[in-house]
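Since the structure of chain H is provided, determine the placement of chain Y on it from the hints.
Number of protein chains: 2
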Amino acid sequence: MTKRNRNGLPRVVVVGGGFAGLNAVKSLAKVKPPVRVILLEQHNYHLFQPLLYQLATGVVQPADIAHPVRGIVRRYRRASVRMATVSGVDLDAREVLTEEGARFHYDYLILAAGATTATFGIPGVEEHSFPLKSMPDALRLRAHLLRQFELADNDPAQVDKGALTVVVGGGGPTGVEMAGALHELFKHVLVHDFPDLDINHAKVVLLEAMDHLLAPFHPSSRQHALDILRKRGVEVRLGQALERATAGEVVLKDGTVIPTRTLVWGAGVRANPLADVLGLEQTRGGRIVVGEDLSVPGRPEVFVVGDLAGAGDGKGGLLPQVAQPAIQEARHAAQNIERTLKGEPRTGFTYKDKGIMATIGRNAAVTELPSGARFKGVLAWYMWLALHLAYIIGFRSRVAVLVNWIWSYLTYDRHARIIVAVEQQRRPALAPSAAKPAVAAPAPAEAATDRPVVG
Amino acid sequence: MTKRNRNGLPRVVVVGGGFAGLNAVKSLAKVKPPVRVILLEQHNYHLFQPLLYQLATGVVQPADIAHPVRGIVRRYRRASVRMATVSGVDLDAREVLTEEGARFHYDYLILAAGATTATFGIPGVEEHSFPLKSMPDALRLRAHLLRQFELADNDPAQVDKGALTVVVGGGGPTGVEMAGALHELFKHVLVHDFPDLDINHAKVVLLEAMDHLLAPFHPSSRQHALDILRKRGVEVRLGQALERATAGEVVLKDGTVIPTRTLVWGAGVRANPLADVLGLEQTRGGRIVVGEDLSVPGRPEVFVVGDLAGAGDGKGGLLPQVAQPAIQEARHAAQNIERTLKGEPRTGFTYKDKGIMATIGRNAAVTELPSGARFKGVLAWYMWLALHLAYIIGFRSRVAVLVNWIWSYLTYDRHARIIVAVEQQRRPALAPSAAKPAVAAPAPAEAATDRPVVG
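As given, the protein sequences belong to chains H and Y, one line each in that order.
Okay, so the first sequence: first residue is 4 according to the working numbering, each after it adds one.
Okay, so the second sequence: first residue is 4 according to the working numbering, each after it adds one.
Take the hints with a grain of salt, since some may be wrong.
Just so you have them, the derived chain Y footprint on chain H, three or more residues with Cβ under 8 Å [unchecked claim]:
| # | segment |
| --- | --- |
| 1 | 46-52 |
| 2 | 280-293 |
Just so you have them, the derived chain Y footprint on chain H, three or more residues with Cβ under 8 Å [as the list claims (entries may be wrong)]:
| # | segment |
| --- | --- |
| 3 | 151-158 |
| 4 | 191-200 |
| 5 | 368-380 |
Treat the hints as calculated values from the structure; they're not laboratory data.
What you are looking at is a predicted structure, and each value in this text was computed from that prediction instead of being measured.
The beta-carbon is built from N, C-alpha and C at its ideal position, and this holds for glycine as well.
Chain H extracted, bound-state conformation:
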């Protein structure tokens, strides 16, 4: 079911509806001469990933941070959405292939399929850890955590087996915010829910292989995060790497065994496995090599942006896989398409650093601006809150999140601490053969309705 140009306009296909993909669609809607835009997204929502840890800890609800992607894209003329999981690209035929069987022809392609979790091949992490990259990830972790407390309440012997111990792998911004949020959930909320449990037995262990937290930050910010977490009661273990994980424990390189059933994995990201089946040159971490104009060498009609792109930081390294580079790259790729359509030369992408920030917990965060200015504590926390609110899509979600924050702050309540089982996430592992599947008919709906629609 190849779909060719309608109205004779150049057709741009965007793969992925995260920060990068949505900003590409938004910028492309303003391009002159106009183009037709098709956004392919495997979910029917745009997920605001930075607040996933708040979904996992019951502060916010799913639709507070997941915005229906059709509700966003319908604002833009000549743009439309198809819910589809991309399985490969036929670069010569200029067609995007999908698991559903449909193919989408493009004149220009913007790949923005994002990243997944990297387990670095550590034994047991793939099978026994909880990643935090998707909504099902967060909901699954939330249900699992709450269930461990219920199990321990029914059978206190479970506590010594690690039911109330959470190990967070990775002391970057993700691990730090998760550790802080979990600790607050345990000591301020669940302590009241489970009066028969000795909540002192509930503990959060944060593992970091380096000798400091928050690697991208200034030493004083790193120290602040460490001091706050330790003061509040998180067990931070620096310079300790994970050897392996099982269903019942994690083992560190130094031989330490920590009984736990909950290893939250925030130690690394890797490009979406889609990158591995395209036959394109890749960087470390599986990202796709791009030129200065953000297109693929030898394929000027194919752009890669966001976490999937191996865009240079101008200092010989790669840009971090966070929101700001993704947004800026997406806009730049759209502008380069416009330049090409106008017959103008493309320009090289330069990242405009807007600073970095990480939250540690209640009233505590660190923020660093490109000017060198650094903030910590309550002020940095307010900056973090304001910035994240501003980037959430949709007035309604913004208000909902703000209200939830105020509520949680004042009452120490986590209203969404409910156990709802989501389907086990399908691992995003594409077989190399998926790059060139036979043209299949769309799956019968009867079968499709019972398939996992997440992942």
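The following block gives chain Y in isolation, referenced to the frame of chain H:
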């Protein structure tokens, strides 16, 4: 793991945390002499069932209508919660048995396990319909509905195969409110999300075997509901019963075939299958026969309340399986326990009718008071809204639902129209042998965490 009295207080076990169970706990907390109360609930939340159809249609989010049961019960002294699925009762030993293996001794027992969906043995309904009694039910229906639109958008040939047709079975209050809400979702919301689909092909068919909707209501209310639904575009088929259902169609008794993949089943309720394994006398619909004091004949220490109870309406019939009888029965059972503890005689339960209401959709409802007063249209709708708000537990949820209602009303938005796959609901079918299981050790947590925790 039998648990006996702590503090020497009489021990009351309440099974089920719905309207009946929670009101029992609340009333028991005030009983003098005091009793110790254990609430057993298979979920970790109290579900406000009347708004499940709004969860299924994207108006509200899960935690808006699901309140953590521990957050409620911790308000009451001498009351506690265990998350457990009750598999039977050893009436002679006075022990409640659970699937988790734990046993709970009681001096008094209040069974409030509620009801499930009745399919009346119609072929295919069990396998192919969507019930609406639990949170996973509602989330599964929401994901399925939205997915049908996505499928049709990718492949318009799906429309003729019934992708955009929903058949609602049963013209009682549940079916009427569901049909109205679905129609609004299609014609006011999804019509904008799917500009390439001809939304005229999306239709809602409401089936009712009797020749009128809303059987418990006055003929003028019934007619009003029918007029409103038909005027708005719902295809109401009266006097038409379902012959069978398959994955792709429903067949009516008169031979009519309606292609559809979505049969929403609101045609009947049946007592929780727990009732079938207790060896107690049952009424039609599987409810447990109770005496006037709401206890089981011959078992004065066992009370049954709510949808599970076959309490008489004083006119030779049974009370309807809705919230008001459940609440009143629960309070009465608690009072009868108090009377027994004081050495006073028990009293017979009399239901105080507070009237009935049903919503049809935007600005439309019907309300009937015991005085004979009847309201319809906008006024009845406001009454419906106010009453339902009042019965939601928790200030926060009440505000959240109110804000969502106002938002949906003003913007025609359904913010929670996101596809999140929940685990297939475990059917609540207990084998008769479950009444007397061997005393099993608690399941290992490793296994338990992968089991469905819903259903």
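A quick look at each hint next to the structure:
no., hint, verdict
1, 46-52, "holds (count 3)"
2, 280-293, "violated (count 0)"
3, 151-158, "holds (count 6)"
4, 191-200, "holds (count 5)"
5, 368-380, "violated (count 0)"
Of the hints listed earlier, those the structure fails to meet are numbers 2 and 5, in rising order.
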